[in-house]
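Q: Chains as they are written, first to last, in my numbering: chain R, 221 to 601; chain B, 221 to 601; chain X, 221 to 601.
It should be emphasised that the hints constitute simulated quantities derived from the structure, not laboratory data.
One thing to keep in mind: the hints can contain errors.
Since the list gives no way to pick out one identical chain from another, each pair is judged satisfied if it fits inside one copy or across any two copies.
To be verified - For lysine to any residue, the following SDA-like pairs were computed, each having C-alpha atoms within a straight-line distance of at most 25 Å:
1) K378 to S424
2) K249 to F563
3) K249 to S238
4) K331 to D505
5) K331 to E309
6) K231 to P246
7) K336 to T480
8) K336 to R261
9) K230 to P246
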Amino acid sequence: FQDTKSDSVKKVDVQYTSKGFQFTSPDNKYRLQIGGRLQFRYAYPADQDPVSFDDFDVPKRNIFKINRARLKVGGFAHQPWLKYYFEYELGANRLLNFEVKAEKWEWLSFKFGQWKIEYTRERSISSGKQQMMERSIINRPFTLDRQQGVSMYGHLDKGGLADFNYHFSILTGNGRGARENDDEKLMYVGKVFWNFMGDGVAISGSDLVHQETPQASFALAGATNTSPYTRFSSSGGGELEGYEDGEAGQYKTDQWVFETAFQFKSFSWQSEYHRKRIIDNLSGDRDHLAGFYGQGGYVLNHEAASAGKPLYEIAARYAYYQPELSIPKNSEEEFSLAFNCFFNGHRNKLTTDVTYFDFDRASVNREASSWRFRVQYDFSF
Amino acid sequence: FQDTKSDSVKKVDVQYTSKGFQFTSPDNKYRLQIGGRLQFRYAYPADQDPVSFDDFDVPKRNIFKINRARLKVGGFAHQPWLKYYFEYELGANRLLNFEVKAEKWEWLSFKFGQWKIEYTRERSISSGKQQMMERSIINRPFTLDRQQGVSMYGHLDKGGLADFNYHFSILTGNGRGARENDDEKLMYVGKVFWNFMGDGVAISGSDLVHQETPQASFALAGATNTSPYTRFSSSGGGELEGYEDGEAGQYKTDQWVFETAFQFKSFSWQSEYHRKRIIDNLSGDRDHLAGFYGQGGYVLNHEAASAGKPLYEIAARYAYYQPELSIPKNSEEEFSLAFNCFFNGHRNKLTTDVTYFDFDRASVNREASSWRFRVQYDFSF
Amino acid sequence: FQDTKSDSVKKVDVQYTSKGFQFTSPDNKYRLQIGGRLQFRYAYPADQDPVSFDDFDVPKRNIFKINRARLKVGGFAHQPWLKYYFEYELGANRLLNFEVKAEKWEWLSFKFGQWKIEYTRERSISSGKQQMMERSIINRPFTLDRQQGVSMYGHLDKGGLADFNYHFSILTGNGRGARENDDEKLMYVGKVFWNFMGDGVAISGSDLVHQETPQASFALAGATNTSPYTRFSSSGGGELEGYEDGEAGQYKTDQWVFETAFQFKSFSWQSEYHRKRIIDNLSGDRDHLAGFYGQGGYVLNHEAASAGKPLYEIAARYAYYQPELSIPKNSEEEFSLAFNCFFNGHRNKLTTDVTYFDFDRASVNREASSWRFRVQYDFSF
C-alpha cells in the first residue's frame, strides 16, 4: 500500500453540500460524501396502516420511535462519471442501497446493485423528501421496492417537447437482501416519463422553490416477475393478505402503473393508478388488484424562503385500493391531511398528519374505520 | 441535488479533536465529527458478573473478546445549537444512541431520540471513561439504560451556590431498540444535581486533571414506569431473576437513587444508594430491592501529565445488593480493586482488575463466592 | 469535551490514497482513512462451490447478488505506530476486522483483536485482491479464517538472503464473532516466510507492476486448536461434512501448510499444500485431510499501464482435496480459468471465470461433476 501523494499545490477540496460533507481529490477522479438522516415519529393509537380487520382492534398505544436512522455514503471513484452510493439503515441493521452507476452520457447510463427500482413515484421519493408523512395505503400491494440487478436509463431531448426519461431493468425479483434467486426466471421492469412541460418533475415531494414555469410529467411503467412473493418492502419479499408463503416460482405477477406529476408556483400534485395480476402457478388462481391515489399540496408562504424563514405547507391525499377487481364492493380507503413546517427544506422539517381509514368488505358484510394522529421530525446532516 | 458552493476564500475547517476528526462548514452551521472506540478484554475464569448460584459453577474459561467496537458520529446541522449524535455498536450490530438536541439556552435544552437516560452516574459515564473496568453489580437491577423519548434539561446558576442541573424525561419505557410502546403508559424520569462545590463533577471517572479546587455534587433521581420489563440493558428490556417474561403493562416499577460525587487533587469518589419497588399488576405481588456502591480512586503521579507520560491510578469499589428488602440476610457483595494506566487519558488506557463476589441466600441456607481477574485495553480514535 | 485547537498555521492534511480519503492531524499523531468496496456477482447455475453430492442436484438459477459491501476504517491514534483498523460487512451485518497494532519496530510488532490469522496466502489475500474470482475448494476445510486474540510478528534482514517474516498468534480459536471461548484451551498458530528472492511477495494476487526482479517466497505454517469446530469461515465456527455439531472442547485439530509464491515480469504463481488431523475427543476418532492447489496468471499487456489503459490477465487454477487420506480414491477436484480486466488495478476490475468440479467417492461408487460460469465486478472507493 502506497499513499497517492497529492501535488503540494493542489489540495483535496472539502465542502458541505446537501449530501453532507464532501471530499474531492485534486484530479477530480475521487469523491466521497458522508451524510445521514434521523427520523423520529410519535403516533397514536398506532403507526402502521391497517391491513386487515384485526388491525382495527389492537389496543391503543402511545408510540414514539426512531423510525429511520440512515447513514449515506456516495461519490465517485476512478472517473467522475463512475458513481457509487450506499445507504445503511442503522436502526434495523439493513443495507438498503448499494449501487454503482456509469453515467458517462446523459442519454445512456448503466446502474447495477440494489436500489428502489424506478417504478412508482411515491416509492422512488426518499422517505425524507415526502410531502405527506408516509406513503399511501396502495404502496404496500403495488411497490416493487428495492431489488437487485442491472438497469439502463437515460434522458432524451432534455427540455424539448419530446423530453423523455426511460429506465429498463433486469432484476432477480426476490427483494431487498436476497442472496440468491429462487429460479432461472427474472424480474423485468420498464418505465417511461414524458416531461411534456419543463424537463421533468423532481423525484421529491412539495414545490419548495416556487416554480415559475409549470413542470409536468406523465409516466407509464410495467413489470413482470416470477418469484415466491406477492409483495415487496424494505424487509424484502413477503405476501399480501390471503396468500400463503410461496415456493420457488409460485407466483407470477404482471403489473402496470400510470402516473401524473405537476408543480407550479408552490402547488404540487401527483397521482398513480395501478393494476396488478397475480397468478398462482400451483393452484392456477388468478387475482386482479387495482389502486389509485391523488395528492396535492400548497406552500402557504413561499416568499419566506428568501428571508431564511420556515416554509409552511398544507397537503392532502386520497387513496383507494381494491384487493380484488371482481368484487368491486370490497375496498380500502385512506383520507390524509398533512401539515409541513420546513425549517430548512426537507432536511430539517416537522410534519404532522391526520388520517382516516375506511375498509369495506361487502362480500362478507363487514366494515371498519379508524383515525390516526402522528407527528414526525426529520433531520438530515 | 446541487452542491452548496462555499466561498472560495472561506474553507471547511478540519481539526482533530477528542471526538475524532471534525469538519465544520465555513458558515459554522454544519459540523461532523467521526470517531470510534475499540475495547478488548481478557477475563478468567469468566467475564460477566454472577447473577445466580449457577453462575458460580460454570467451567473455567480463558476469555478474550472484542468487548466494544463503537462508531460515533456527531456534530450539528442547520444551526450550531441543533446538535446530533449517534453511536453504533459494530460487534453486536446495535444502534445505541440516536439523538437530536436543541441547546440554544444553557438553562433550557431539549433532546429527543434514544440515549442513556440521566438517572445514575455509573450508567451515564461512558464505558470508555470508567474508573473501574466495568459497572458494579447493582447496575443490572437498577439502571434504566437507554430509552426512547424526549427530555428537557438545563444548568442553573452555573458556578454559584445554587448551581443545579436538572433533567426531566418522558419515555416509552420499553428499552433500547423498541419499535413500539406496549400500551398507553409511559416512563417518567427526573434528576436533579446540586453542585454545592464547583460547577458539577464531570460525567467521567477518575480525576485526571488534578482539580485544584474541590468539585462536589449531590444528586437525586426518581423514575416510574409500566412495561413488560423489570430491568433494562443494552440488549433492551428484560427480566430480573425470579420474574417471568412480562405481558404488556404487567410490571410497574417505582425507583429512586441518591448519589454523591467528588473530585479533588487526583482523588475521586462516587457513590449511589438505590431503592426500587416492582409491582406485578397480574399477581399483585410487591417486591422491594435496594443497593449501594461506593468507589474511590487516586492518581499516583499527576505530575507526569505535563511531561506527556502515562498516569497511574489505583481504585477500589464496594457494592452491596439486596434482592428483597424483607429478607435482609439475602445479599450479594462485590469487592473490586482496579489499576489503570492512562497512556493518553481515557482514550488510550490499560486497566486490570480483581474482583471478589460473595453471595448469600440465608433464606435457603446457601452461599457462594468467587474470584475474577481481567485485563482490558481501551482505544479511542 | 474540549476541542484540541490546532495551530492556525498547521492544518489537517487531507489526501486521497489507495485506502480512501485520509485525514492526518498536524502533529502526525492521528490519522483516519475511510474507504469501502462493493462487489457484485452474477453466477449460473449456482455460486457456491459444491460441498456434497446433493449440491450437484440443485435447480439451476440465475444468481445476481451483492456479494460484498465493505466499510473500511483505519489509521493511527496517539502515536504514528499505534495503528487501528476495522472492516464491517454491511450486507451481512458482520464486524470482520477489528485490530490494534503496535508497529514501533519492523522486527517486532504486536497486534490484538480479530483478523484473518496469518496462516494461508489464499485466505490472507483480501477478497478484493484475488487473482481468481474466489478462493479454491480447499479453503473451506483448511482455513483458520478470522480469530480473536493476540499476535507478535516481524520482518528480519529485509531484502537480504535471510529475509524472513514471522507471525506467532495465540487465539481463542472459536472463530469470528465469538464472544467467549468454550474452555481453557486456546489456538496457537505460527507462520514463517523465507523470502529467498526479493523482500517478500505481496499478499495480493497478480503481478500488476511487472516486477523486473524476481520475487519468491516459501512459507511454512502450523496450527493447533481445541474447540467445538472442525472448520471456520466468515460466519464463524462450523463443521465439515460428516461432523456433528461439537461440544466444548470436542475437536482437536492439528494442521500445517507449505506455500510457494513467485512474481516476475507479469507472471505470478502461488501454491499451497495442506494437511490436517481432526481428533474427536468424545469418540476417539482420528481423521486425516489433505489438499493442494496451484495457480498461475499472466498479464497480457503490461505496457498499457503507463498509458493508463486497462490491463488484461489470464489465470488458471487446479485444486485437489482428499477428505480422508486413508481412502485415497475419494477426492474433489476444481479446474478454474479466469480472465481479469483491471480498469484501475484491483480497485476497479471485472473478472469472469469458468470452473469445472469433479467429485469422486470411490468408497461408495459415486461421482459427480458440473460446470459453473460467473462474472464479477469489484469496485473500491
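Q: Next step is simple, just say for each hint if it's right about the structure.
A: Evaluation of the provided hints:
1. For the homomeric pair K378 and S424, the shortest alpha-carbon distance inside one copy (19 Å) is at most 25 Å, but the shortest distance between copies (46 Å) is not.
2. Taking the shortest Cα distances, K249 and F563 sit within 25 Å of each other only across copies (13 Å), while inside one copy they are farther apart (35 Å).
3. For the homomeric pair K249 and S238, the shortest alpha-carbon distances inside one copy (20 Å) and between copies (13 Å) are both at most 25 Å.
4. Proximity of K331 and D505 under a CA criterion of 25 Å is satisfied in neither setting, with 36 Å inside one chain copy and 53 Å between copies.
5. Taking identical chains as interchangeable, the C-alpha atoms of K331 and E309 lie at most 25 Å apart whether they share a chain (21 Å) or sit on different chains (22 Å).
6. Taking the shortest Cα distances, K231 and P246 sit within 25 Å of each other both inside one copy (6 Å) and across copies (15 Å).
7. In the homo-oligomer, the alpha carbons of K336 and T480 lie at most 25 Å apart inside one protomer (19 Å), although the nearest pairing across protomers, at 46 Å, exceeds that limit.
8. Within a single copy, K336 and R261 get their C-alpha atoms as close as 23 Å, and across copies as close as 19 Å, so both meet the 25 Å cut-off.
9. For the identical chains of this complex, K230 and P246 are neighbours both inside a copy (6 Å) and across copies (18 Å), given an alpha-carbon limit of 25 Å.
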